[in-house]
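Chain C is already provided as a structure; the job is to place chains P and W on it using the hints.
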Amino acid sequence: MSALRSLLLRREAGILVMIMLFCLAVGLYKPQFLTGNNLRVILLLTPLIMIAAMGQMLVLVARHVDLSMGSILGLSAMVTGMMFRDMPQIPWMLGFAVAIGTGALLGLINGALVTLFRLPAIIVTLGTLNLYRGLTFIISNARQVDRQYIPTELKAMSQTSPIFGVPSIIFIAFGVAILAYYFTMHTRVGRQVFALGSNPVAAPLRGIKANQVTLLVFTISGALAGLAGILYASRWGFVNPSNTGAGFEFQVIAAVVIGGVSINGGVGSVPGVVLGVLLLGCVSAALPLLGIPGAAQNAIYGTVILIALLIDRTVRQQGVLGLRRLPA
Amino acid sequence: MSAAETSPPANVAGRESAPPRPLWHLVLVRPETLTLVLLILGVIVASRLSPYFLDIGYILRSFALSAEIALVALVLTMVIIAGEIDLSPAANMALSACIFAWAQASGVPIPLAVLLGLLAGLAMGGVNAFFVIVMQLPSIIVTIGTLILYRGLAQILAGDRSIRIAEGFIGVDRILVLGVPLPVVVFVLAAIVLALVLGGTIFGRQIYQIGTNEVAARHAGIRSRRIKLILFLMIGVVAAIAGIMTASRLGSVRYDLALGKELEMVLMAMLGGTYIFGGRGTIPGTFLAAWLLVVVSTGMTVANLLPAIQMTVLGILLIVSIIATNFIYSRTQR
Amino acid sequence: MKTTLAILAAGLMLGTAGATYAQDAFSIVYIGKNTGNPYFDSITGGFVDACVEIGCQFEFVAPATAEATSQIPFIEAQIQRGVDVIAIAPNSPDALNQVLDSAKAAGILVMTVNGDLVGNEEHRDASILPVDFTKTGPNQVELAGSLIGYEGEIAILSATTEAPDQNTWIAAMNDTLANDPKYANMKLVATVYGDDQPEKSTAEMEALLANYPNLKAVIAPTTVGIAAAAQVVQSRGIADQVAVTGLGLPSEMRDFIKDGTVEAFQLWSPYNEGVLAAYFAKGVLDGSIKNEVGETFEVPNLGTITIDPNNMMNTQAELTTFNAENIDDFDF
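Residue numbers (the UniProt record's numbering), protein chains in the order written: chain C, 1 to 328; chain P, 1 to 334; chain W, 1 to 332.
The shape of chain C in the complex, shown without the other chains (with noise of 0.2 Å):
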């Protein structure tokens, strides 16, 4: 165990030296990239990610994966923004309790069908990607929220800064991240969670009840999924049936894969993903900085999965030894 450790330890070492390098890099060439300034706009750039990839990942640990999240967020906020719209009596706070709960559904009926039919979550998320849009767009009627509609204080959450100058949504990104942390290490259910995604066949043995943990993944990954469409509501101030969320998944399996989160289940820690997505979310702010086109930004992120795949796989193989002869 300790072993595995002090390989995963250095697997996080490795992603934050790379963002030191690239940050430092950055730096020498526009020094404005080293301010607290920048920072308060990288940190802004990323927390939808960061609380969607805390779900992904624990789907990805248990060795499914959950290509519906950007729709999920879709919907959510949708629900959200049209509650905000035609019942503004109803107190704001209520809609962080719909936006999750919502998510929470969504996410319960991909891992239901995923169980109950035992079929492969890739092909089931990729349907319910499509089918969760749609409803988007026939609830909404295909029609956007506008800003107005969207409550003041949810707004201010994303704008206005209670300490530091650090906006609320900022401290809700890392609440979540902490708490994914705790349950990942320090609960019984969330070790469940590794000891089935590291090997299927023997959990179960092992007194696992592998439908109730995969339901609980996928329910977990659909509620945060919903907070970050109440806070894309919060962050951009309107909720759009077709923009909103969508492509969003890629930015998330991107960002846990390069945070260490193995493909093959059991593997993954919150710290690696948390530096996963704060490499994204540096990489984003630097290329407009850098003058480098958006158009470069898919190709980007397409070799970075790439090269954290390779990564994953030498430390599959070698071990730490091989990562370390890896370049960069």
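Incorrect hints may have been included.
[Claimed, not checked] Here are the computed lysine-lysine pairs in the DSS-like style, where the Cα-Cα straight-line distance is at most 25 Å:
(1) W:K258 to W:K104
(2) C:K30 to W:K187
(3) C:K30 to W:K216
[Unchecked claim] Which chain W residues face chain C? A few, computed with CB under 8 Å, are given here:
(4) T35
(5) G36
(6) E162
(7) A163
(8) T191
(9) V192
(10) P198
(11) A210
(12) Y212
(13) Q234
(14) S235
(15) A239
(16) D240
(17) S251
(18) R254
In short, the hints are calculated from the structure, not lab data. Where is the CB? At the ideal position from N, CA and C, for every residue including glycine.
Chains P and W only, in chain C's frame:
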């Protein structure tokens, strides 16, 4: 992976193991039969939805809009039967079409530009094969990565500008063979050839065996890595052909060509009864499923229904078809 | 080839179209860029109201994504339905050429509304644009100049690098800044592209502020860009240092106007585009308007419309400016 896969594919190769079943059972309890029934239902529903639907010329022209996707889905079926998957061909179509268009726009003669596009497709298939076969990474994640990468490269090459195609190369879908648009003819011919390859050759049988149990197949002397390499290269080239055909149909190429169409390809294979874990599936199944999808989406479009309803129906179809396929296979095993 | 198609299409028209549409005046379908785009709700409103006046059947359809080819099946479907008029906001200046030709060959009046097939004008019959796009650039520069006392560094935050309308305006802005002595003290330091995505637009806006600390104004001639830029300024609390302006939707900008983040921005009336399109279509179909350059006709509330070269029409000459005084008069 699961116990289900270790038994031989009852419908295709392993006739010797199962006790003889009545012929009606063999014919009816097949996923393709379900697809055919759905197809007939689809035609009936679509003609109810809109009086303008039932017109063979219109249906053929509409199919020509999806023929490129359907063509790739045929090869994808073989890849899935071999136990792998490829989500990148739609992005491959965009990148090879961009390379082709960029080459001919900068003065390269058309045949050479086509060749460049095809080579690009081959190379993209090769990259996928490298990661999956040599580096032994799961194809599902690798091809999600290359899906983003290929699309990104197309974006870098073309920006969001559209590149014009030379006048003489435009209009592959306006060429009619006995009244049928050429892309549809290509699709039908490819389906016949691939069905013969998959169903009637040793190569085809080996694909099923790899997908059923790769370790056993290797012990039996099947060179599974080489066969998978051939399949990945094949889908790369076919995606490039599809991309260039699309370019000719549209008369211009932009990086977002076939954006998001990987779902439709997977859907065609799944709806046709291909088993997602490999080892089972047929080309006629995918062939019927392609028509089913076109009938469903054309029927809804000509009835001016909200496109969201189409997305919802596609999502539900995918889930229902895979549940049905799983169910049918679990029955036929006994 | 084309003749076969024309005959085929004409046959379809005979077989199908006559039955349903014969009794009412005529049928228009407007094909938007994509569903869920609030901008098109307003244009659609204009079509609907005008059709009530003049008696036509109107339907709005749009694909789920704004990808270049996604409108093609919808155009094919309208040909098959045998509508009289296809109005479209094209997602691509050239990928629709072939299918629009089939529509024209089938006797359908094809017009672009709010966007044109730049360089491929022969594939449509007429085009309706909200304003004279050559005046948009100078209008925007004047507004930005008036906000900063005609002095200081300015930047442009646009949509995508190849967006044809935006690029027309940006070229005109550059031209105006370089040649009009009134703007001699205004310096354009950067033009960046947010791809009409809120995330990318925000990152580009933040980078502008980091790279050009003396920036006085940002012109964002795109609805997504101006909202993102305003939000960055609001979030940093620097509305008194950096003026954000550009083209925006009143419904999306109302909050920023009210809290003082944005002093003024511009746009036209998308609603009137729908009205003009419907009246024009009716006139051409019943023969009262000849679709020829130089022809003029009257539209209620819009006054006299002239068909300009390339069969283009505008609903208004110059942009409308929105500010705290008049923002509540507009409900789109």
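Hint check results:
1. Between K258 of chain W and K104 of chain W the alpha-carbon distance is near 47 Å, which puts this suggested pair outside the 25 Å criterion.
2. Proximity of K30 of chain C to K187 of chain W is assessed by CA-CA distance (about 22 Å); at most 25 Å being required, the pair is judged to hold.
3. Between K30 of chain C and K216 of chain W, the direct Cα distance comes to roughly 21 Å. Compliance with the 25 Å bound is thereby established for this hinted pair.
4. Taking 8 Å as the C-beta cut-off, the interface hint given for T35 of chain W holds, the closest approach to chain C being about 4 Å.
5. Contact between G36 of chain W and chain C, as hinted, is supported at the beta carbon level, the nearest pair being about 4 Å apart and thus within 8 Å.
6. Interface hint status for E162 of chain W: violated, as the beta-carbon distance to the closest one in chain C is roughly 10 Å, over 8 Å.
7. Restraint check, A163 of chain W versus chain C: the minimum CB separation of about 13 Å is more than 8 Å; hint violated.
8. Evaluation of the T191 of chain W hint against chain C yields a violated restraint, the C-beta minimum of about 11 Å exceeding 8 Å.
9. With a cut of 8 Å, the hint placing V192 of chain W at the interface with chain C holds, because the nearest CB-to-CB distance is about 7 Å.
10. The interface hint given for P198 of chain W is met, as the beta carbon of that residue sits about 5 Å from the closest beta carbon of chain C, less than 8 Å.
11. The interface hint given for A210 of chain W is met, as the beta carbon of that residue sits about 4 Å from the closest beta carbon of chain C, less than 8 Å.
12. Restraint check, Y212 of chain W versus chain C: the minimum CB separation of about 10 Å is more than 8 Å; hint violated.
13. The interface hint given for Q234 of chain W holds, since its Cβ lies 6 Å from the closest Cβ of chain C, which is under the 8 Å cut-off.
14. The interface hint given for S235 of chain W holds, since its Cβ lies 5 Å from the closest Cβ of chain C, which is under the 8 Å cut-off.
15. At a threshold of 8 Å, the smallest CB-CB gap from A239 of chain W to chain C is about 12 Å, leaving the interface hint violated.
16. A least Cβ separation of about 16 Å between D240 of chain W and chain C goes past the 8 Å threshold, and the interface hint is therefore violated.
17. Restraint check, S251 of chain W versus chain C: the minimum CB separation of about 5 Å is within 8 Å; hint holds.
18. Checking R254 of chain W against chain C by beta carbon gives a least distance of about 6 Å; that is within 8 Å, so the hint holds.
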